[in-house]
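Using the sequences and the hints, build the whole thing.
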Amino acid sequence: MFYRETGQFKSKYKEELAAFPLFEDKIGIGILLLLAYVAIPLFGIPGLSYEFTLSAIMIPVVIFTITTLGLNILLGFAGQISLGTGAFMGVGAYSCYKLMTIFPDLNILICVILSGLVTAFVGMLFGLPSLRIKGFYLMVATLAAQFFLEWAFIRIPWLYNYNNSGGIEGPNKEMFGIIISGPQSEATTRYFVCLTFLVLLTWLASNVIRGRIGRSWMMIRDMDIAAELIGVRPLTAKLSAFAFSSFYVGISGALMVFFWLGAAEVESFDINHSFTYLFMVIIGGLGSITGCYMGAILVWVIPVLIKEIGKTSFGYDAFVMENLSIILLGFMIVVILIVEPHGLARLWQIAKQKLRMWPFPY
Amino acid sequence: MKKFLISALISFGTLLSTVGLSFADELLVPHYTYRVGPFAANGTAVANGYTDYFLMLNERDGGIGGVLTNPEECETGYKAQVGVECYESYRGKNPLIVYPNSTGITLQVLQKAPEDQVPILTMGYGLSAAAKGETFPWAFNYPASYWSQMTSVLSYIDSETGLKGKKIAFLFLDVGYGREPIPVLDELGPKMGFEHMLVPVAVKEMQNQSSHWLTIRKEKPDWVIMWGWGAMNSTAIKEAAKTRYPLDRFIGNWWSGAHVDTEALGMKAKGYKSATFTGTGTDYPAIQDMINLVVKPGKSKTTMDEVGKVLYNRAAVGAVVVAEAIHEAQKATGKKNVTGADVRKGLEMIKLDDARIAELGLTGLFAPIIGSCADHEGKGAVTIQQWDGKDWGPITKPIPPMEDVVGPMLTKAAADYIADKPGWKSQKCN
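Read top to bottom, the protein sequences are chains A and B.
Per the working numbering, the first sequence runs over residues 1 to 362.
Per the working numbering, the second sequence runs over residues 363 to 792.
It should be emphasised that the hints constitute simulated quantities derived from the structure, not laboratory data.
Take these hints with a grain of salt, some might be off.
[Stated by the list, open to error] In the DMTMM-like style, the derived pairs of lysine to aspartate or glutamate whose C-alpha atoms are separated by at most 20 Å in a straight line are:
(1) B/K783 x A/E174
(2) B/K566 x A/E267
(3) B/K455 x A/E51
(4) B/K566 x A/D270
(5) A/K98 x B/D782
(6) A/K354 x A/E5
(7) B/K455 x A/D317
(8) B/K455 x B/D387
(9) A/K98 x B/D778
(10) B/K455 x A/E174
Structural data, given as structure tokens:
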């Protein structure tokens with residue numbers, strides 16, 4: 001009824017190729033942007049305290065969506081499996097920290113983007129084995145990257161400026177006279193920075209994926225030999241996927257430390273986090289940008305809400321809720337994978353399809 | 363179906379709307395606990411001791427100054443990142459203290475707490491440099507920093523066998539906590555003429571230390587000092603016994619000497635030593651109150667045999683310091699409902715001398731802690747205790763830290779910490 005394409009005629013190829021060919025989709029995305037940019041910063045989420053909403057729900061969700069986007073590009077679009085996401089986030093965070101301390105006057109946003117480029121380079125380096133091996137073997141190679149980088153974050157004190165604590169922490173950083181990062185910054189400001197990064201990166205990803213490069217990734221994913229015969233060079237396609245993906249992951253790592261946590265040590269980049277990001281991608285849906293959002297929201301928000309509601313409304317003990325949320329999350333993953341192996345994005349697609357036919361499905 | 367959905371939505375909505383409510387007229391003294399995860403065995407005792415003391419105050423005195431306390435728990439699993447989430451979840455709820463129970467979490471919130479005007483109390487852990495109250499107005503590490511503790515341990519060793527020409531192995535959990543005292547070894551090694559070797563144990567290898575002890579056996583150090591936690595402690599003691607390392611030359615810090623670490627080993631662990639700043643047992647009137655008013659009526663998660671053990675009692679001492687700071691804050695401001703900023707001043711005014719400790723019914727449980735604006739460490743002293751196969755017992759008098767060594771190091775570390783942080787808020791003490 002509300003969602004159908006009847007009467008929307010395209011007269012140019014450009015219109016047909018647009019990111020949102022349907023008018024309803026444009027309205028939908030507009031409403032979402034309005035919610036994210038205006039409603040939530042103004043009012044928060046009803047029932048939850050404002051600070052909690054922004055710092056414990058919105059900012060991490062936005063950051064993890066960027067991570068998931070990055071991993072999904074590699075895993076969902078290019079078909080190269082990686083278990084090193086956590087460590088690559090660490091590369092972003094540590095390189096941003098180094099850049100910030102070496103060039104204290106450099107704008108932090110430039111540091112974040114540069115750290116994304118550094119991570120892209122490191123990702124390409126560890127992506128080299130993908131030219132020779134695939135599947136499980138590549139997974140093991142990326143696992144090695146994870147362990148090696150974790151080791152480096154502890155054993156190379158230069159990375160954390162020889163701090164006694166072995167951790168990295170962000171000083172206050174200003175832009176246009178407003179403190180946008182560091183302990184004195186407002187959660188709202190940090191949220192806006194992260195959200196803007198997310199919107200721009202999503203826009204970039206959706207265009208790259210629909211373009212020549214993205215198509216070459218998908219060809220490699222679907223059948224590498226056929227792709228090679230058609231004229232796709234596996235070297236550039238695979239390495240560009242690693243670089244592109246790591247760029248996103250690196251940026252999200254830098255954002256995580258300097259716009260959310262404020263400080264971090266190696267534990268924030270360990271293999272468990274890599275698995276969490278993998279869950280986000282799989283639950284959200286491989287090869288779908290909408291899925292990245294859904295996966296990040298589901299995997300992050302549900303446990304936080306369970307814990308908060310259980311604690312404040314029912315008075316359960318914190319550790320009971322912690323265990324419960326771990327159990328529930330695991331249960332949810334299993335159920336979703338049985339019911340819809342293609343993830344939430346697929347469910348959303350089916351729902352949209354049903355809406356188009358409604359009320360006369362065939 | 364539709365009705366069901368609507369009613370489900372409504373109930374969920376009302377549920378959500380209750381979440382944001384904060385409780386009026388209570389003193390929120392949250393602590394970050396870890397009853398799950400690899401450190402749960404130690405974390406549970408620590409959490410119980412803290413909670414029970416506040417519950418006891420509620421039962422016996424109706425809270426502090428007539429206002430009930432709420433020792434709310436936030437579960438971290440000893441993960442620094444979750445600790446930050448805990449910290450964020452208390453924003454806007456007027457928490458009076460940040461009590462992280464983890465050095466890793468402490469380091470993460472050290473910069474945030476001043477902005478939110480909440481003091482951080484790290485009882486016997488945390489960043490050593492926080493002892494410098496002028497640089498760190500909002501952080502406190504009573505009764506002694508790790509650096510002070512390390513010097514006390516070293517002076518104990520010096521008094522036992524002398525340090526000159528000796529070789530010391532430093533076995534530590536490879537996280538922020540374990541790495542914290544290394545600068546003291548680097549500083550004192552050349553001065554006192556001993557050699558030290560570092561043996562880091564990663565969290566993953568905590569329960570598999572055979573290779574570490576192989577190294578120790580090969581290097582034959584005269585003493586082994588351990589900064590361990592959780593399952594690492596009992597594993598290390600077991601391995602030490604297995605490799606026939608003399609256990610009376612093996613000395614843990616005060617987080618490596620609890621009943622939970624040695625009880626399972628029993629006589630095998632006999633002779634193992636550790637530092638401590640609290641006594642064991644239940645022969646203190648306040649601990650008796652905790653038993654009678656909280657533990658026995660079943661208002662706590664503690665079992666009777668846990669009360670009086672090292673970690674439980676130590677956690678209770680932490681709660682005593684928080685309660686005392688609130689008490690001081692109420693006295694100074696004349697308000698009943700104090701704020702985090704008031705409690706910070708209260709922590710600086712803390713004067714737990716022998717008379718006050720006796721008044722609280724805790725004589726002998728811990729040495730006096732006297733705070734001041736400049737000294738956030740409280741001049742605590744370290745006792746060495748030894749496991750006799752059944753129980754822990756002190757074998758020395760309190761050993762004061764080497765202030766002449768630690769003092770300048772702390773000053774330098776504090777200056778280093780703020781060097782790259784423009785706009786850091788220090789305070790002037792007179």
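Against the structure, the hints:
Distance check on the hinted pair: B/K783 and A/E174 sit about 13 Å apart at the alpha-carbon level, within 20 Å; holds. Taking the CA atoms of B/K566 and A/E267, the gap is near 11 Å; set against the 20 Å cutoff, the hint holds. Among the hinted pairs, B/K455 with A/E51 is consistent with the structure: their alpha-carbon atoms are about 10 Å apart, no more than 20 Å. A distance of roughly 11 Å separates the Cα atoms of B/K566 and A/D270; the hinted pair therefore holds under the 20 Å criterion.
Distance restraint check for A/K98 and B/D782: the Cα-Cα separation of roughly 12 Å lies within the 20 Å cut-off, and the hinted pair is therefore satisfied. Between A/K354 and A/E5 the alpha-carbon distance is near 13 Å, which keeps this suggested pair within the 20 Å criterion. A distance of roughly 18 Å separates the Cα atoms of B/K455 and A/D317; the hinted pair therefore holds under the 20 Å criterion. Pair hint B/K455 plus B/D387 holds up; C-alpha atoms about 12 Å apart against a cutoff of 20 Å.
A threshold of 20 Å between alpha carbons decides the hint, and for A/K98 with B/D778 the separation of about 17 Å falls inside it, so the pair holds. With a C-alpha separation of about 28 Å, the suggested pairing of B/K455 with A/E174 is violated against the 20 Å cut-off.
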